[in-house]
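**Q** Residue numbers (this note's numbering), protein chains in the order written: chain V, 15 to 94; chain W, 49 to 435.
Please keep in mind that the hints were generated in silico from the structure rather than gathered at the bench. Quick caveat, the model's predicted, so the values are computed rather than measured. Don't take every hint at face value.
Derived list of chain V stretches under chain W, where covered just means 3 residues or more per stretch with a C-beta under 8 Å from a C-beta of chain W [claimed, not checked]: (1) 41-47; (2) 60-73.
Take a look, some chain W residues computed to stay more than 10 Å from chain V by CB distance [said to hold, decoys possible]: (3) Tyr235; (4) Gln340; (5) Ile400.
Yeah, the Cβ is synthetic: ideal placement off N, Cα and C, and Gly gets one too.
Spelled out from the first residue to the last, the chains are:
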Amino acid sequence: MKDIVISGRRILREVLIYAGCFVAALAVNVYSIVQFKTEWKELFTTLHITLAVALVFFGVLAVLRGIVFCGRLALRRKAG
Amino acid sequence: MRAAPVGESPSDRVRLGLIGVGTRGNLHIAHLLRTPGVEIAALCDDYEPHLQAGLARVKGAKGFADYRQMLDMPGLDGVLIAAPLYLHARMCLDAFSADKHVFCEKSLAYTIEECQAVADAHRGSKKVFQIGHQRMFSPVFLRAFELVRNGEIGQITQIRAFWHRNGNWRNPVPDPSLEHRLNWRLYRAYSCGLMTELASHHMQVANWFLGTHPASCVGYGSINYWKDGRELYDNVNVVYRYANGTHVIYDSLISNVFYGLEIQIMGPKGTIEAETGRVYAEHPKPAPGIVQLINGLENGFFETVPIGGPSWVPDLKKDTKGSLLVNEKITDDGTAISLAAYANAIRSGQPIPGMMEQACRAGVCVLMGQAAMEQQKEIAWPEGFRE
Numbered sequence: 015m016k017d018i019v020i021s022g023r024r025i026l027r028e029v030l031i032y033a034g035c036f037v038a039a040l041a042v043n044v045y046s047i048v049q050f051k052t053e054w055k056e057l058f059t060t061l062h063i064t065l066a067v068a069l070v071f072f073g074v075l076a077v078l079r080g081i082v083f084c085g086r087l088a089l090r091r092k093a094g
Numbered sequence: 049m050r051a052a053p054v055g056e057s058p059s060d061r062v063r064l065g066l067i068g069v070g071t072r073g074n075l076h077i078a079h080l081l082r083t084p085g086v087e088i089a090a091l092c093d094d095y096e097p098h099l100q101a102g103l104a105r106v107k108g109a110k111g112f113a114d115y116r117q118m119l120d121m122p123g124l125d126g127v128l129i130a131a132p133l134y135l136h137a138r139m140c141l142d143a144f145s146a147d148k149h150v151f152c153e154k155s156l157a158y159t160i161e162e163c164q165a166v167a168d169a170h171r172g173s174k175k176v177f178q179i180g181h182q183r184m185f186s187p188v189f190l191r192a193f194e195l196v197r198n199g200e201i202g203q204i205t206q207i208r209a210f211w212h213r214n215g216n217w218r219n220p221v222p223d224p225s226l227e228h229r230l231n232w233r234l235y236r237a238y239s240c241g242l243m244t245e246l247a248s249h250h251m252q253v254a255n256w257f258l259g260t261h262p263a264s265c266v267g268y269g270s271i272n273y274w275k276d277g278r279e280l281y282d283n284v285n286v287v288y289r290y291a292n293g294t295h296v297i298y299d300s301l302i303s304n305v306f307y308g309l310e311i312q313i314m315g316p317k318g319t320i321e322a323e324t325g326r327v328y329a330e331h332p333k334p335a336p337g338i339v340q341l342i343n344g345l346e347n348g349f350f351e352t353v354p355i356g357g358p359s360w361v362p363d364l365k366k367d368t369k370g371s372l373l374v375n376e377k378i379t380d381d382g383t384a385i386s387l388a389a390y391a392n393a394i395r396s397g398q399p400i401p402g403m404m405e406q407a408c409r410a411g412v413c414v415l416m417g418q419a420a421m422e423q424q425k426e427i428a429w430p431e432g433f434r435e
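For reference, chain W alone in the conformation it holds in the complex (with noise of 0.2 Å):
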């Protein structure tokens, strides 16, 4: 999905404007200079220094510390909100009464109740409203959804997501009174931590291949490394249970990165790991011939032969290759694409279908997560929830 090509005319372009200038502002902001046809006409945030290394950046733009008053800004067409998540269903709120777009980061809202009032809302405001969860718009994760629509891993048995980091997850804080404002995703009053700022990632995408949301979640989560004064857990289990007897298992963890990231999406007949880029047939063709017979002389000769030992083979991981998902290289990862998309649904008024049941089913399901932790009980999906 790319933007269509724009031209010089200044009705063409689309003004927008951030609320928000931290890491992701910035990345935004970096993108958006790229973007054709798009003007970045404000730029808000209520840390000082942060708005105004974002506007030394963005010449022309007007800065604000309170986004209720670049609202109000005449002629700004939509807005990004790239801010704490506890404020997240305010601003899209505040949003779309200004009769504003909105793109908002992930997760989309605080509670679940907040996720419902953002979808009430967006019902009946009939804007253009996309949702930080750039998978959607990854050619490597389109393609790894084509596939799975083909039946070319069969059906989806069980998904495994993982984000593994190594670090303490913190900002640098000039001045102590600043902790929870800097380092608000290690606070439970303004975040859920690794649900929210990282597993939504994955269960967006888990959600979106299996095209629903869970029926229920079980989970523990615990601070067991980064005994540092946070709140929030620095690793965390969770079980997604669907309908059809699927089950999703993701665990995030910041005290170890070996295995890094990564979505593995399992069928009888192939596995997917989307963030590698990489498919794997369960059955591949076999080598030629003439290197089989080789391999197998090979093996004849050079193999151990155990006495005694276990007359079974273990199910070790299986060691192939696989093929790539995609075969030119992508340096970007749906980030530049999906502010594209964003930019030209406003030029066009037409909304992108489904960004806002995406929004809702991640958002909903990585709260569901974190109530199963921190309840340590089975959290069922919200009845009556209105997508």
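Here chain V stands alone, though its shape is the one from the complex (with noise of 0.2 Å):
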């Protein structure tokens, strides 16, 4: 069975992409409250929301890259 190995650097990208998203996730939760005039102190009390909501973005943008990765690596094979 081969092992797979993920390096440090990877793990760093994929963490500062989820901070990535939650600072979305957070200007989503900035945008709710002043669309829907509710109270500032929700961006701390509705922190566990947004870290959810972060992490919906953060799956979704690993479907968007494993769909650009898959893309890349048939055209090398095409090219290949």
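Since each chain comes alone in its own frame, lean on the hints to assemble the complex.
**A** See the structure below:
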């Protein structure tokens, strides 16, 4: 059986991508607070929802990245 | 309202006699045996099996078949009346004459004239009187009353109450000759059935919350399911009109239990459902912004768009959970506290104010409802009634 090795660089990249997703989710929360005229303290009280939304973003991004990866792989094989 | 702590001194002990040892009487025995500073000194029932069963539970109590003999018993402070409705007034009057304190089960009396007689006799006696409307002592209902008084739901604009059961409401009868005696709730000579035995509770709450009695009422009643020889209605529907234009809508039936019992106190700012102990704000605090956004997106994705359908949203029941009136779990419906309060009122010599007023208002209300159904006309609050 072949071992899968995840490099430290790879992990750091994924963490940075999730952090980006979290910032995006936070932006969505700020938008909804302004849009629905609710309280700013929700930035803290709904942190669990923000984290979940960030996870959804991360998942969606992972699917998109997978498609791009597969596309590139196919093009490379075709060219090679 | 709770009974004050009592000591071991015999002078602290309240000696009570129980008139009627049927279903309700037995429940009182269970509560009183757990109430500090109370001694059940005597039991009375003219149905021997009930009396003997009661005496077996209460060691040392003296048994009587005739309540008048029990009233002559020396050292008795007060009585609890849990007898059929038609006997309430006579027993109350005799107890006051014998200088005893009185706890009378609901409803107060069989006729409006009897209600008046009991109120008059009590006014002259200066003894403690308490009625078996235990919701006045329930922490849940007291909290509901507090919310109403503080304006949390705004002005009460309507009260809707119902009590539904599914059963024939009969007690087992060992001999047909005992039918009327044991199933007195089904026969007009002894009771007003669903009105006096169930509706009186919710009408007491309605009058209490509205702070007055109704001006008049109309109603319909019938026997549409339990056609087994009973005389009293198995379903009742009564609307009470109050002077300020508020209406109390009451219905009861014993052929469907899906909705159970409830009293819904409604105002422009909220609804209280006191039996289930919840309050629902008319405009609840909105969900967090991000939740609203997600819900909006979900609805945009998944909601069907009616083509050629109605452009309005149906006024269906709001599916909100509301909030609890009292956070802690409460198992007593107020009965245990009300009995402890009765004993404490006797001990302290300080009657709980407003008891007779509440008893009269509820008692007269349900008799008005029964009359409205029987006579099929609007019945007004009796003019000149002195609470």
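**Q** So, against the hints stated earlier in the document, which numbers end up violated here?
**A** 4
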